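Chemist: Single-letter residue listing:
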Amino acid sequence: MKVTGAEALMKTLVDLGIDTIFGYPGGAIMPVYDALYGYTDKIRHILVRHEQGAAHAAEGYARITGKPGVCMATSGPGATNLVTGIADAMMDSVPLLAITGQVHQALIGTDAFQETDIIGITTPITKWNFQVTSASELAEAVVKGYRIAMEGRPGPVLIDITKNAQFEETEYHFPTDVRIEGFQPVTTPNPRQIQIAAELINKAERPFLVFGHGVLIARATQELIAFAEKSGIPVANTLHGLSGFPSAHPLYMGWVGMHGNYATNVLTNQADVLIGIGMRFDDRVTGRLDKYAKQAKVIHIDIDPAELNKNVHAEVPIVADAKNALIALTKAIKKREHSAWIARFAELRQQEVEQIIKPNTEPKDDKVRMAEVIHRLSQKTKGEAVIVPDVGQHQMIAARYYQFTRPDSFISSGGAGTMGFGLPAAMGAKVAAPEREVICIAGDGGFQMTSHEMMTISAENIPVKVLVLNNNFLGMVRQWQQLFFERRYSFVDIKNPDFVKMAESYFVPAEKVTDRAGIDAALDRMLAAKGPYFVEVVCEKEENVFPMIPSGAAIDEIRLS
Amino acid sequence: MSQKFTITVFSENKPGLLYRISGLFLKRKINVESLTVSEVDKQGLSRFTIVVHQNKDTVQKVVKQLYRIVEVVKVYENLDEELVTKEIAFIKVSAKNPERRREIEDIAYLFDAKVVYVGADFMVIEKTGKEDTIDSLVSLLRPMGIKEFTRSGRIAVLKDQLSLPGKFAHLVREPAYVTQSLDVSAIKKIQLMHTTTPGSISLAQGIPSFSTYPHIRKAAIDAINEGKADKYTSGYGIDPLRDALVEKVRRDNRIPVERENVMVTHGGIEALMAVFLALMNPSDDIIVLTPDYASHITQTRIARHGGRPVFVSLDETEKGWVLDPEKIEAAITYKTKAILICNPCNPTGKVYTKQELTEIARIALRYNLFIISDEIYEYFLYDKHQHISIGSFPEVQDRTISIFGVSKTYAMTGWRIGYITASPDLVSQIFKIHDSLVTCPTAVSQYAALAAITGPQDNVRDYLKGFTRRRKIVMDALRKTDKLTVVQPEGTYYAFPRFTTPVDDYDFAVRALRNAKVAVVPGYAFGLGGESHFRISYGCEEDVLQQGMERLIEYVNAIV
Chain A
1 MKVTGAEALM KTLVDLGIDT IFGYPGGAIM PVYDALYGYT DKIRHILVRH EQGAAHAAEG
61 YARITGKPGV CMATSGPGAT NLVTGIADAM MDSVPLLAIT GQVHQALIGT DAFQETDIIG
121 ITTPITKWNF QVTSASELAE AVVKGYRIAM EGRPGPVLID ITKNAQFEET EYHFPTDVRI
181 EGFQPVTTPN PRQIQIAAEL INKAERPFLV FGHGVLIARA TQELIAFAEK SGIPVANTLH
241 GLSGFPSAHP LYMGWVGMHG NYATNVLTNQ ADVLIGIGMR FDDRVTGRLD KYAKQAKVIH
301 IDIDPAELNK NVHAEVPIVA DAKNALIALT KAIKKREHSA WIARFAELRQ QEVEQIIKPN
361 TEPKDDKVRM AEVIHRLSQK TKGEAVIVPD VGQHQMIAAR YYQFTRPDSF ISSGGAGTMG
421 FGLPAAMGAK VAAPEREVIC IAGDGGFQMT SHEMMTISAE NIPVKVLVLN NNFLGMVRQW
481 QQLFFERRYS FVDIKNPDFV KMAESYFVPA EKVTDRAGID AALDRMLAAK GPYFVEVVCE
541 KEENVFPMIP SGAAIDEIRL S
Chain B
1001 MSQKFTITVF SENKPGLLYR ISGLFLKRKI NVESLTVSEV DKQGLSRFTI VVHQNKDTVQ
1061 KVVKQLYRIV EVVKVYENLD EELVTKEIAF IKVSAKNPER RREIEDIAYL FDAKVVYVGA
1121 DFMVIEKTGK EDTIDSLVSL LRPMGIKEFT RSGRIAVLKD QLSLPGKFAH LVREPAYVTQ
1181 SLDVSAIKKI QLMHTTTPGS ISLAQGIPSF STYPHIRKAA IDAINEGKAD KYTSGYGIDP
1241 LRDALVEKVR RDNRIPVERE NVMVTHGGIE ALMAVFLALM NPSDDIIVLT PDYASHITQT
1301 RIARHGGRPV FVSLDETEKG WVLDPEKIEA AITYKTKAIL ICNPCNPTGK VYTKQELTEI
1361 ARIALRYNLF IISDEIYEYF LYDKHQHISI GSFPEVQDRT ISIFGVSKTY AMTGWRIGYI
1421 TASPDLVSQI FKIHDSLVTC PTAVSQYAAL AAITGPQDNV RDYLKGFTRR RKIVMDALRK
1481 TDKLTVVQPE GTYYAFPRFT TPVDDYDFAV RALRNAKVAV VPGYAFGLGG ESHFRISYGC
1541 EEDVLQQGME RLIEYVNAIV
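In the order they appear, the protein sequences are chains A and B.
Positions 1 to 561 (my numbering) are the ones given, in order, by the first sequence.
Positions 1001 to 1560 (my numbering) are the ones given, in order, by the second sequence.
Derived by calculation from the structure, the hints in this document are not laboratory data.
Owing to the predicted nature of the structure, the values given are computational and were not obtained by experimental measurement.
Note that beta-carbon positions come from the ideal geometry of N, C-alpha and C, so glycine has one too.
What you were told as hints is all true, and nothing was included just to trick you.
Here are the computed lysine to aspartate or glutamate pairs in the EDC-like style, where the Cα-Cα straight-line distance is at most 20 Å: (1) LYS1159/B with GLU1077/B; (2) LYS1027/B with ASP282/A; (3) LYS1061/B with ASP282/A; (4) LYS1027/B with ASP283/A; (5) LYS380/A with ASP520/A; (6) LYS1064/B with GLU181/A.
Label pairs and their in silico Cβ distance ranges: (7) LYS1056/B with GLU557/A: 23 to 33 Å; (8) LYS1056/B with MET1/A: 53 to 63 Å; (9) HIS313/A with TYR1334/B: 19 to 29 Å; (10) SER1152/B with GLY120/A: 19 to 29 Å.
Just a few of them, taken from the derived set where beta-carbon distance is under 8 Å, the chain A residues facing chain B: (11) ILE119; (12) PRO124; (13) GLY182; (14) PHE183; (15) LYS310.
Using the sequences provided together with the hints, build the complete structure.
Modeler: Here's what the structure looks like:
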């Protein structure tokens, strides 16, 4: 049966099981949108208000489902507006299928209207990209892109389709035999390496495990718990690993990194064996590299061989999917306990509770702390909500004070640190998990970067809850200016609109809280709302996030104030 | 430390790959010294050759990231010594008058460069070669005025065989490249031609004509009848044999061994192969003192994935074949791992003096090398020459592997029993290879060897007497021509005459067989220093030998 390229695209997406697209139409993608008109029963298209929102929404969607999120835009500015989201997905290993229209093949290179070399632009920030110039290539390119995006270490793929390829007719068959010669990710661990790792673990006196996003991507949280319980090893995670291990579990020690917990950071430098699983020893985790875990023998498990020995020397590098590696390791190790070692975490943890956690969750004065808002939100939702922060102080506070009980509940822009990520990503997450409570937590700065997506959630009736913690500052930059630039507050004192009126203008019910007494009721109303809901909490202007590892310092030089 | 690396990338031939690959270097701000791209013979693959100056760590990280590119199939990163590299340069030089032209031509000649075009007032020189040679040529031509200069950038091939995974694997359904690159040994080749040439006499293969002594045969038959030969023995050999060998080696070779120093093998050849495989990495060099037994050369190549050994030839003088220690030292590089000697030497009949062995020991100590000493002909010595085992020198005992056997000594070539002595830690490593090759030496042969070693030794003296007479036959015959000169063999049962004027020794050997019906082994098979020689084995019966030598000398006198 002959169909147009545009229709072949629709058929391929449907055959791949894709039912949601976040997009925005335009000239060079009109044939595709025309075909989409006949597929609205099979594919839900969500019209965003800016293409960046489509990319982030697709990221949020992908991180809940584990399948590639799809975003679509036209050529030129439509395509370039996706770029930030694609780069963000690249940094955080998010499977993304970005589809862009392109001018007619005959016009390429002529500076035609809305012509941009999106293949050139996205080459360094995609796992793979491809320009389709003929309808006959389309199905195979999309299937190949879908697989590359999802398999191995996930990442974004961009398919650029020239207008003629959308118009042209082609025979459609779903390509079942797509061969990708150079792309054969290793997913099963080398048994010999597992053996060596197990021997190290069995002999370790002070072993410590830090896991990351890879464990969640591999859907290996149960396997991780089984490993931890057999080995008796204390567990921590990176920012992206949050929610991968139950907060209340006796082996859970917290998280590591610049604003992570005190005990986990300090004791990393006292462990004799450090196991890193599905994480990449990012500079926000290691602090000063030449003083990071030098005493420890490192076992590093990652599916991407390029991550092994990139930053930290691994005594035992293991290329594998986290799930397979954990199953194999659990079999190979002995049952052990490390109570004395774990007690040291508890001691340091107590110090952090007294100096930082208590004063922030139960403040003595009447200034509202971000921490107490999150603390109450955590209690009210029993730690079961999907938390989608934006980027900044509130992001770190959300990570620190929300007590996660379910996996895939913390969706954040970690690697790229993209302000404006929160609201559209929350939208994508809610579409993927309508049964779960999805809460976007934003600062007053980042919220304004993509606040137009309030209209999308309103128009599409996507019941995302939006909680803006407003301190009238670009808080994280202000904190650095205070600590490292002698309080020279350069362009961080931000003038804000009336957020409540703004939300209401998008037809989203909204309220503002200015004192402690109002917090509980406002959060209750927000959680009870059936549709989207907006709450602004006015917070203490100069609250700082602690603990903090100053940039360039060693992790055990972490500051409590 | 920054080094010059050549990164070779094989990728699917798709648009945009150059951009993706070069982008990786851009991202890390690595300057690319040269980059060439071409399609390779395997359909649909591109080959990128990228030269960078970088430290190894960074290069390895880049290589891993190159693998992240979906279309990339295989990446190699190599230092210069692992590659054959060339580039091509065109240099347009100003040449206004005939003198200048001649001068340029002279320089081009010196550099083995070509003049590819001559214009009214310029010449274009083409030079293909190493980068630094091109640089030197350019600097010499610069004063004359270079009008234009272009160079291609490096192209390189790996010295080792490269392999491509995935869909291209099935194209390589053929034996290993090493195997294919090996010649059938010249000895075997000539022997084969001999068997198909009716009426020909073989002075080629080194088989003593004597028969194994009856008491040895009887011991074997007894062992069979007593059921001792039915099962595997210890891979190291049966204890009584090892103990007998300990006694023999202590007595005759003066090497202070214990049982754990000794391992019995399937003849000397298996012992040697196991030693080479156990000691040599593919990139390690081994120095072979030549002319030397052809199988040594083949075996070291197999063990080292086809890598050729480093030949250091002995000097052929009136006094005999003489070792020049300076030549050995000059051949040693950081890759040198071992020195191999054959003492007494097949094919030259050379017996190493104490002084020469001391020099070898000194060099091995100085450069931390293994010594592999093949002493299969230890008992066949003439004119009061004495066999000294280098393994008996205390300073090199821990690094010397000595190889012995019963094949030649007791006329037992068909029984296949040899043995090695070395330090116990080396023996246990060599054993791993030995175990994979043969599991254990043939049980029945071990009992025969035990009888040979422990029984009466008259036969050794008898054989030597026989060989002494045969040597005289050979030497007398050789004196009848002035076309050949020969160093009188000090040991073994080989003579290695040389033509006084150079000839193609392989061609000679083939024609001697065809026309004079006598088979000898061409000297080239024995490595450097063997050219224009041939080897006569005087292991055969005296009357056959006599007749063979007559044919040979007659033919030599007739042709040259």
